[in-house]
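**Q** The listed protein sequences derive, respectively, from chains A and B. Going by the UniProt record's numbering, 220 is the number at position 220 of the first sequence; the sequence numbering is gapless. Going by the UniProt record's numbering, 60 is the number at position 60 of the second sequence; the sequence numbering is gapless.
FYI, nobody ran anything at the bench for these hints, they're computed from the structure. Source: prediction; values computed, not measured.
With beta-carbon atoms standing in for the labels, derived distance ranges: (1) A:315 - B:122: 52 to 62 Å; (2) B:102 - A:34: 39 to 49 Å; (3) B:340 - A:287: 23 to 33 Å; (4) A:84 - B:186: 51 to 61 Å; (5) A:175 - B:326: 31 to 41 Å; (6) A:84 - B:321: 23 to 33 Å; (7) A:84 - B:151: 54 to 64 Å.
Positions of the beta carbon are idealized from the N, C-alpha and C atoms, including for glycine.
There are 2 protein chains.
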Amino acid sequence: MKVGILGGGQLGRMLLQASANYVVETSVLDKESDCPAAHLCHHFVQGDITDFDTVYRFGKGLDAITIEIESVNVDALEKLEAEGVPVYPRPSAIRTIKNKITQKAFYRQHDIPTSEFIITEARKELQEHLSFLPAVHKTGEGGYDGKGVQVLKELKDIDLGFDVPAVLEKMVPIHKEIAVIVAMSNQGEVTLYPPAEMIFDPVLNLLDYQLSPAILPEQVLWKAEAIALKVVKHLNSPGLFAIELFVDKNQEVLVNETAPRVHNSGHHTIEANYSSQYDMLWRIILNYPLGNTDPILPSAIVNLLGAEGYTGKAKYENLEDVLKTDNVFVHLYGKTETKPGRKMGHVTIISKDYQDLAYQANKIKHLLKVIA
Amino acid sequence: MKVGILGGGQLGRMLLQASANYVVETSVLDKESDCPAAHLCHHFVQGDITDFDTVYRFGKGLDAITIEIESVNVDALEKLEAEGVPVYPRPSAIRTIKNKITQKAFYRQHDIPTSEFIITEARKELQEHLSFLPAVHKTGEGGYDGKGVQVLKELKDIDLGFDVPAVLEKMVPIHKEIAVIVAMSNQGEVTLYPPAEMIFDPVLNLLDYQLSPAILPEQVLWKAEAIALKVVKHLNSPGLFAIELFVDKNQEVLVNETAPRVHNSGHHTIEANYSSQYDMLWRIILNYPLGNTDPILPSAIVNLLGAEGYTGKAKYENLEDVLKTDNVFVHLYGKTETKPGRKMGHVTIISKDYQDLAYQANKIKHLLKVIA
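Just chain A, same shape as in the assembly (with noise of 0.2 Å):
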């Protein structure tokens, strides 16, 4: 089976990294030749993701094409899937979920709890909505780790808001962010993923460590079970699915955001579950059975991003610490260069004792950097 990956980043390393236990050929579309993925499969093509030929070229004699980052030229996998290649997930899908606006439309179209929103067009419309606030500013376009989202707070910070169409999200009173996986194979069969629990840096809004599964009261679990399910059903679409909620502080479960791929919220299910979602992404393609999502034990992330104040050759300081620790797996991504904020790898620690999960991850937080 000749399958395809738009995007060569990360997320497309893994997926191929656990496309090897199966027979399968794989194609890789990046801009960037040195990308992470680029040199793990059996074919590799320099391209625009975002670009109509590029995409519909690349995809068109394949047997199934599936996408590692949202931004991808949808009306070419729109053409593609109308002459029979399968698309994971749905071109439906990923038109509602990359636009922040018409993501935002779909929950309330289907009565999907999620924050108050209002839509704005322009910057200057901002000023009609300061009872808004506070609440925080999303660009329906092109948002991605951080960039395109702005918190509001009062009037002074209107100034900061976009002025290109977005929406204007109420700000909740969060109790806990969670993200629940979920996967739909071709039959319409659905698993879902333990949820992790985390917590985001107020500066890069990028996640900060991780728990999983997260330590919820079993209410709070089945609305966000129930919910998450909710979401995918609608999007009615094989494939993989990471959806990000919030708990507030009233136990109410409301849906933040999901993602229509493999997420940096499951990367612990590669040691810490029986089916990766990266394994799970090609079950569903391969159409073959749904895999284990039980843990075989607890977990956490912690990413691991280009350090301030650096910018060129990466470097990692204290890794060596970090490989002599028993219990933790070092992914690094294979990017030459580091910036600030960059995703450049993860850490992933498995125990059963949650209190030595967190004491290992502030741990390793504080040890290891990304320098040039």
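Please build the complex by placing chain B on the supplied structure of chain A, with the hints as guidance.
**A** Just chain B, lined up with the frame of chain A:
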């Protein structure tokens, strides 16, 4: 760091899967352009690993070189080593091991317990050693996967012996066959994996199924560890080694054979141990600290061999049933063509319950077939 691998089979494939957790530029040399590892490296070079010039050209300019099979051109590796390219393991260790005559002589020289043996230059010499039977006749060079190995029980079997330099090994009253994987760093630090315990198929002489950690009396475990360490100490080389041992009816431990590389008996370490044998070899080559060999859970391996009577394009019968099993990990090596006895994949089962391991292993052995 630029690292080359001689051989592109399934061991190379799994080594490359593990390499993508670190920053390393990989090259593979193999004569088949569609070998299991060809598409998972930065640079694939098509060529003969037994040819001096090919190996020398491949290795020159690399920062390190390793092997996934011992039938390589050792002269070229010695020249590369002399010119400053580190080779894992050292060519002297490969040379000692790759010929079964020098391997046995090595054990004798260092008082390492092994079965009694006689070196034969030609088949006719076997006549002189009838009182030594039953014994196993093994060719010095070129034996692999049961080829070049012949059991000689009595006079009438002598015609089956080899008419090339070979070693006649006295049959050991085997109670158990076990394997211990030992890693040695550049600094001479060593670590051992828990022994694995196996049952061989009397026809194909290939692994039937394997349990790990082996169930052994403490005294036997200590002997096995001490002997495995002694082998590696006298090979005097950084790298990863698999020492196959017999435990006889008197609980004595004897070395059967050593492999100077990642090994079939260590496949389970991918999922069942903190640092897999593949991860460990990268740590050694990259000069990182040695990994943790502890098991996360006990495990079993079932090898997936081409079924008797089928040659041609591989099909995996009942694969779906196996993929439905909760605690099972399937590894297919991506070989297009199957033939009887060819190593096509393996399945790892993990469970804290040894009875479950044995049950699942037997079930999978009977269920999963590679046909054409």
